[in-house]
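Q: Here's the letter readout for the chains.
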Amino acid sequence: MASSGHPLADTSEGRASFLSRLRRAVDEERFFGTLLITPMQLLLWFLLIIPTIIVIYLSLVAWEPRMGVDWWQAPFAFLRNYAQIFQDGRFWAAIGRSLGVVVAAGGLEFAVGLGLALLFMRDFPGKRIVTSVILYPMMLPWVVVGLAFYLLFLDRGPVNFVLTQWFGSGATVEWFKNPLLAMGTIVLADIWQWTPFLFLILYSGLGALPKDPVEAAMNLGANRWQIFRHVTLPMLKPVILIALVIRALEAFKIFDLVFVMTGGGPGTSTETISLYIYRVGFVFGQLSYAAAMAVLILVMITLVTRFAIQPIEEG
Amino acid sequence: MNEAVVRTGDYDVFLTFCNWIGDMAESGLIVDQTAWWEKYDPEVDHGPNRYVAPLDRFTTLYKGRRYALGADDDAFSLFYRKDIMDNPDEAKAFEDRYGRPLELPKTWKEFDEWIAFFDRPDEGIRGAHMYAERYFAYTAWAARFISKGGAYFDDNMDPLIVSDEGVTALEEQIRLTQDHMWPDAVTGDWSVAYSRFPEGSVFFAWAWASLGKWAQDPETSKIAGKVGYMDAPGTMHDGELVKAVPHVVGWSFSISRYGKAPEAAYCFIQWFTGPAVGLDAIARVGTLDAFREPWFDDAKMKEAYGEEFLPVLHSLTQNAFPDISLRGAAEYLDNLNLNLQQAFAGQKGAERALKDAADSWQQITDRIGRLGQIEAWRAERQNYPQPIQDLWAKLGRFPS
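Those protein sequences? They're chains A and B, same order as listed. Quick note: the first sequence, position 122, residue 135 per my numbering, numbers continuous. Quick note: the second sequence, position 186, residue 207 per my numbering, numbers continuous.
Calculated from the structure, these hints are not laboratory results. Hints are supplied without guarantee of correctness; some may be wrong.
Claimed, not checked - If you anchor each label on the Cβ, the simulated ranges turn out as follows:
id	chain 1	residue 1	chain 2	residue 2	range
1	A	I255	B	D238	51 to 57 Å
2	B	W292	A	G81	26 to 32 Å
3	B	R305	A	L194	43 to 49 Å
4	A	L176	B	A297	54 to 60 Å
5	A	A106	B	D238	42 to 48 Å
6	B	R391	A	T177	51 to 57 Å
7	A	M151	B	S216	27 to 33 Å
Unchecked claim - For the chain A half of the interface with chain B, some residues (derived, Cβ under 10 Å), not all of them:
id	residue
8	E77
9	R103
10	L167
11	D168
12	E187
13	W188
14	K190
15	N191
16	T275
17	P279
18	G280
19	F295
20	V296
21	L300
Note that the structure is predicted; figures quoted are calculated from it, not measured. All residues carry an ideal CB built from backbone N, CA and C; glycine is no exception.
Taking the hints into account, I'd like the entire structure generated from these sequences.
A: Okay, structure coming up:
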């Protein structure tokens, strides 16, 4: 290190040199870090960003495969596809049904999942085995669950068999003929499969909560409900929000169960938005219109998600 | 249609529903085979090995050009419980009730009474299984509608389904479905017919010809040896019975524009569907059905189908009409099906269901391009069986 003979000068020169070395190190580290994340960034570009750009582009042109031209040669439609969405009653009805699934399935899954999580906070014999069994439905493919519930609720299926055994031969229910009942069976299948997911997250969240506030509340004479309502639940709020957002996003996109169990029928009475977009894109061949619907859904979901996780960001 | 977009060239030949030809041709995915037909002569519309008309037309043509080579006959076939029908007690009871002898029904009116008579829910057997579900709900309705003189569109592609013929046909079929079928005719899928009829829980079923083979096989059926086959009912017009049989799916071969050797691929499909190889393939494997005239007299085919069924299938095929085969065929049919299924499920009245379907058809036509669709429809209606075309002419359905 160079010295000017003055202690203060020495100090300031030394500091400058240190800062310069630090900056160089940071630059080198930044370069190294950039180098490390570049492959992942490139992968993301290819897997996420470029396809998204193509979908947005497709939504702005008028293209169908049967037109006989390539998608990049298709004429611009600008916002015509989006304008069409606002006049498409089938689209909005499908959105409504998807939201219905989110509210019905998500709400019940949360209630049952939280109840189970609270129950499992206590020790009981065979707890580990029961926990594994509860998680099992979540590991099954959607299609398998859909088929199982379709078979259960068939006109001659086990559910109607049990009903006739209990209430007589006239007690069969036409589950898939009535729109409400048909949607009910789909929601039930979703609840059976995805309650374990909410249970798992909430159970982990409960297990990670600090014990002191609960003990303090107990010492102050709070009863179990008061402790749950005013201590446990507020502390668990971020976990609950994350769990609900993830589950709501998944439930909104429900496809397989509907496809297998009702095909969206009778008519379109159980058709959800994913099934409708699939039909428009891959059965009707209107890929541009399907792309516009997908983009609009993406925007809507992004806004709702931002709104939903805002309380977590605000602490 | 994926190949139309990505053009891998990995496929030489496509085996698809024959009503997809319009979409595939317009996308440029498949090639016009007309020149090869002239060069190699696949014996489709002439000669002793010709296809049963009108299969020679609607499994091969789009806008008057040959884009495909039919490989199948999917004229919907009618099956009933011969053992019950032949019971003398039933014959007497039927005559007492309707004042006429018990015979196979010739008209739709007779058919409805016949089904109602044999509907015995208390004995665990319903009158019929006819598709009223999400994907094939149109079949039975269309058979009635077209035999009454109905047509899907007029000469300018305006839908004609909201008409007396359309509404009456749907009202009749709704009554039959709601009063004399199990609920899974509406809520099940195509495979339900393949369990209901062979297990003996319906008296009558209308489905693909393969159901006959399935029902006669003791390994898959409880009613083997008890199956009867019948021609389609029709509608009387000035003393003449006009029958219309839906031809549903009907596999056909087309050639990829992006394949490496399109002409060689064409030669392969001509060989595969040819008089000798095709016969062997159909008689032995059984997933496709007979479509060439001489095969209906062939010993191998008689063994595969049974002596009784083959002439019935031949007659049904002669009255078979095509699925909508225009560009957007899947979309037209889907919109029709979903509205009909709602009508069968009791959610919509007949007229409302058909009006909703017609409105959606107008939108599809306008979006795809009315002029092109008019050209395709004018060509497509020439592919209908001659008796139906004659009836349309008599009713002045289209300008001459």
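Q: Could you run down the list of hints and mark each one as holding or not?
A: Cross-check of the supplied hints:
At roughly 56 Å, the beta carbons of I255 of chain A and D238 of chain B sit within the given window of 51 to 57 Å. About 29 Å separates the C-beta atoms of W292 of chain B and G81 of chain A, a value consistent with the hinted range of 26 to 32 Å. Under the hint 43 to 49 Å, the C-beta atoms of R305 of chain B and L194 of chain A, about 45 Å apart, fit the expected range. L176 of chain A and A297 of chain B have their C-beta atoms about 56 Å apart, which keeps the hinted 54 to 60 Å range intact.
Look at A106 of chain A against D238 of chain B: about 44 Å separates their beta carbons, and that is inside 42 to 48 Å. Remark: the range hint 51 to 57 Å for R391 of chain B to T177 of chain A is upheld by a beta-carbon distance near 53 Å. For M151 of chain A and S216 of chain B, the hinted distance range of 27 to 33 Å is satisfied, since their beta carbons lie about 32 Å from each other. Hint status for E77 of chain A: holds, given a least beta-carbon distance of 8 Å to chain B, under 10 Å.
This hint holds: R103 of chain A has a C-beta 9 Å from the nearest C-beta of chain B, less than the 10 Å allowed. Taking 10 Å as the C-beta contact cut-off toward chain B, the hint placing L167 of chain A at the interface holds, the least distance being around 7 Å. Taking 10 Å as the C-beta contact cut-off toward chain B, the hint placing D168 of chain A at the interface holds, the least distance being around 5 Å. Taking 10 Å as the C-beta cut-off, the interface hint given for E187 of chain A holds, the closest approach to chain B being about 4 Å.
At its closest, the beta carbon of W188 of chain A sits 8 Å from a beta carbon of chain B; the interface hint therefore holds under the 10 Å criterion. Because the smallest distance between the Cβ of K190 of chain A and any Cβ of chain B comes to about 5 Å, under 10 Å, the interface hint for this residue holds. The criterion of a C-beta within 10 Å of any C-beta in chain B is met by N191 of chain A, whose closest approach is roughly 8 Å, and the hint holds. A cut of 10 Å between beta carbons decides the hint on T275 of chain A: the least distance to chain B is about 8 Å, and the hint holds.
Hint on P279 of chain A holds. Least Cβ distance to chain B is approximately 4 Å, under the 10 Å limit. A distance limit of 10 Å between C-beta atoms decides the matter here; for G280 of chain A the minimum to chain B is near 3 Å, and the interface restraint holds. Because the smallest distance between the Cβ of F295 of chain A and any Cβ of chain B comes to about 8 Å, under 10 Å, the interface hint for this residue holds. A least Cβ separation of about 5 Å between V296 of chain A and chain B falls short of the 10 Å threshold, and the interface hint therefore holds.
Contact between L300 of chain A and chain B, as hinted, is supported at the beta carbon level, the nearest pair being about 8 Å apart and thus within 10 Å.
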